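Now for the letters of each chain:
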Amino acid sequence: MDVKTKEKIAFAMLLLATIIIITPVAFIIILLLVRGLPALSLDFIFGMPREGMRAGGIFPAIVGTLYLTLGTAVFSIPFGILAAIYLNEYAQRNWLTRGIELAIINLAGVPSIVYGLFGLGLFVTFLGFGASILAGSLTLAIMTLPVIITATREALSAVPWNFREVSFSLGASRWQTVRHVVLPNAIPGILTGTILGLSRAAGETAPILFTVAAFYLPRLPQSIYDQAMALPYHIYVLSTQVPNVSVKIQYGTVLVLVLMVFILNLAASLLRTHFRKRKTW
Amino acid sequence: MNKFIEHRIENLIFLSGIASIVFVVLIFIFLLKEGLSLFSGTNPIAFLFGRNWYPISDPPQFGILPLILGSLLVTFGAIVIAVPLGLAAAIYVAEVAPTWLRDILKSGIELLAAIPSIVLGFIGIVTLAPFLKNLFNLPSGLTALAGSIMLAFMAMPTIVSIIEDSIVSVPKNYKEGSLALGATRWQTIYRVILPAASSGILAAVMLGIGRVIGETMAVLMITGNAAVIPTSILQPVRTLTATIAAEMGEAVAGSGHYYALFAIGIILFIISFIINLLADFFLHRKKQRA
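These protein sequence lines map, in sequence, to chains A and B. Going letter by letter, the first sequence gives residues 1 to 281 in the working numbering. Going letter by letter, the second sequence gives residues 282 to 571 in the working numbering.
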């Protein structure tokens with residue numbers, strides 16, 4: 001067989017593998033839309049669950065997920081950005097910095113259920129927050145931290161070094177330089193990475209299992225010390241724990257979560273394209 | 282005054298910087314604090330190599346060998362499926378696909394990465410499990426194989442994007458040199474580019490394994506959850522992660538069962554720690570050489 005034929009066969013195999021991976025993605029999206037859209041109605045989105053979750057809406061789960069995502073943002077964004085500023089603008093190349101980098105890599109790789117155990121041990125039990133929005137948000141925030149740090153650090157390091165040198169030469173201190181020169185130029189990248197991190201937190205189930213998630217709670221949470229329903233856990237409950245839930249409600253709930261996550265992702269990717277076009281350096 | 286505030290802010294920046302180390306240490310301490318209590322009553326060998334996981338019988342038996350084997354079987358199956366497909370797709374996206382198609386494929390893979398694992402678990406229950414049940418004539422489609430296929434799919438974005446990155450970062454002149462010598466594009470890919478990208482490929486495999494072995498919800502939903510030593514990939518199995526997720530809700534705080542689940546957490550933490558250090562080592566080696 002000559003080399004040209006070999007190449008053709010090889011490329012066809014590569015294409016085939018790619019199709020095998022991509023087709024199911026399209027299939028899943030179409031399946032969710034076709035089966036889920038008919039379930040969506042105002043009553044479904046803004047109504048309380050009834051008859052042991054076999055009827056009615058999923059409003060408490062939607063609100064719970066929004067609160068948890070917001071809580072995650074409050075705790076993870078400030079510390080994540082400050083940590084990235086430390087690594088990119090202040091840290092020397094030494095063992096401490098290397099240690100921090102390894103810690104971030106490991107935080108990113110710790111299985112989500114282990115975060116759940118940690119949250120149970122530290123926030124729920126040791127600090128006495130109980131199963132609550134507070135404990136769940138803190139657990140999700142620590143899990144999201146490595147994503148935000150990594151994205152922010154990339155955005156900071158993309159700001160050209162001579163921007164800083166000009167600022168220093170004008171007599172600005174390091175913090176003034178970071179605050180007025182580096183950060184404004186890095187904001188788009190930071191936003192994109194942060195939104196992606198939060199969208200992942202919104203869809204997580206394992207970390208909230210023992211730290212906040214309520215099986216069935218047909219009212220809205222009143223404070224951060226309350227338990228709450230959440231969409232991912234609700235999907236788990238509907239598809240494995242409660243018998244005879246109509247397929248329509250299952251697909252509808254799944255579609256709502258997927259739409260929330262996709263809207264966040266879309267926002268992130270629009271931001272990215274928008275600012276990339278405007279960038280002049 | 283200004284100096285004072287600035288000093289405060291820089292202190293805060295430093296504290297946030299080292300927070301990651303603090304959290305890793307805290308996670309390990311809290312797992313140890315609860316998990317090690319198990320070993321006042323159970324010996325570690327019996328825990329690791331015990332063949333029976335009967336946490337609520339009297340007396341309870343906390344042998345996690347079936348769970349370890351369940352995790353290994355599902356992970357092995359997933360990697361066998363995911364690595365060849367992911368490698369092929371990464372090569373196609375990085376080297377073969379025309380630009381317009383490349384953008385579509387990359388968005389498709391990003392889309393897959395964005396789907397929460399609970400959603401893939403649900404899809405697995407309603408589509409994959411019935412399909413496997415009919416295909417192999419099984420009593421139930423919820424098996425190790427279903428878990429492996431679903432996990433392979435979930436690990437794909439990690440594997441494809443890291444391999445693609447490492448292919449793209451192979452210096453251009455390697456490729457040009459090979460093509461100038463008269464090699465075809467395919468010869469250039471497998472003789473020149475892939476060897477040069479091998480560290481990145483190894484890192485992708487390690488991170489893929491890490492993603493798969495730590496995955497919880499999808500596995501809990503579609504592997505059938507039988508804590509027995511698996512003999513076939515068409516049997517239901519139960520993984521380490523799924524055991525914690527399924528049982529912690531019912532375990533009484535302070536009981537042997539509760540401690541045993543934390544002890545499983547220690548094992549998972551150590552596995553992910555080793556895998557991530559290895560992956561980082563491979564990625565670092567690549568950077569130093571390039």
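Read the hints as simulated data drawn from the structure, not as lab findings. Do not take every clue at face value.
Mimicking DSBU-like on lysine-lysine, the simulated pairs with C-alpha atoms at most 35 Å apart in a straight line are [claimed, not checked]:
{"#": "1", "chain 1": "B", "residue 1": "Lys414", "chain 2": "B", "residue 2": "Lys387"}
{"#": "2", "chain 1": "A", "residue 1": "Lys277", "chain 2": "B", "residue 2": "Lys414"}
{"#": "3", "chain 1": "B", "residue 1": "Lys453", "chain 2": "A", "residue 2": "Lys6"}
{"#": "4", "chain 1": "B", "residue 1": "Lys284", "chain 2": "B", "residue 2": "Lys387"}
{"#": "5", "chain 1": "B", "residue 1": "Lys314", "chain 2": "B", "residue 2": "Lys387"}
{"#": "6", "chain 1": "A", "residue 1": "Lys6", "chain 2": "B", "residue 2": "Lys456"}
{"#": "7", "chain 1": "B", "residue 1": "Lys414", "chain 2": "A", "residue 2": "Lys4"}
{"#": "8", "chain 1": "B", "residue 1": "Lys453", "chain 2": "A", "residue 2": "Lys8"}
{"#": "9", "chain 1": "A", "residue 1": "Lys8", "chain 2": "B", "residue 2": "Lys314"}
{"#": "10", "chain 1": "A", "residue 1": "Lys277", "chain 2": "B", "residue 2": "Lys314"}
{"#": "11", "chain 1": "A", "residue 1": "Lys8", "chain 2": "B", "residue 2": "Lys284"}
{"#": "12", "chain 1": "A", "residue 1": "Lys6", "chain 2": "B", "residue 2": "Lys387"}
Model, not experiment: these values are computed from the prediction.
35 Å Cα cutoff - pair Lys8 of chain A, Lys284 of chain B:
Given that 35 Å is the threshold and the Cα spacing comes to 67 Å, the pair is violated.
Please verify whether Lys6 of chain A and Lys387 of chain B have alpha carbons no more than 35 Å apart.
holds, 26 Å
If you draw a straight line from the CA of Lys277 of chain A to the CA of Lys314 of chain B, is it 35 Å or shorter?
violated, 52 Å
35 Å Cα cutoff - pair Lys414 of chain B, Lys4 of chain A:
At roughly 42 Å apart (the allowed maximum being 35 Å), Lys4 of chain A and Lys414 of chain B break the hint.
For a C-alpha distance cap of 35 Å, please report whether Lys414 of chain B and Lys387 of chain B respect it.
holds, 32 Å
Check whether the Cα positions of Lys8 of chain A and Lys314 of chain B lie no farther apart than 35 Å.
Answer violated: Lys8 of chain A to Lys314 of chain B is near 59 Å, above 35 Å.
Is it true that the CA of Lys314 of chain B sits at most 35 Å from the CA of Lys387 of chain B?
violated, 44 Å
Below or equal to 35 Å on CA atoms is what counts here, so check Lys453 of chain B against Lys8 of chain A.
OK: Lys453 of chain B and Lys8 of chain A at ~23 Å, within 35 Å.
Take a quick look at whether Lys277 of chain A and Lys414 of chain B sit within 35 Å of each other, Cα to Cα.
violated, 51 Å
35 Å limit on alpha-carbon distance, applied to hinted pair Lys284 of chain B and Lys387 of chain B:
Not OK: Lys284 of chain B and Lys387 of chain B at ~48 Å, beyond 35 Å, violated.
Between Lys6 of chain A and Lys456 of chain B, is the straight-line Cα distance small enough, at 35 Å or below?
Distance of about 19 Å is within 35 Å: holds.
Checking one constraint from the list: CA of Lys453 of chain B to CA of Lys6 of chain A, max 35 Å. Satisfied?
holds, 23 Å
Against the hints set out earlier in the document, violations occur for numbers 2, 4, 5, 7, 9, 10 and 11.
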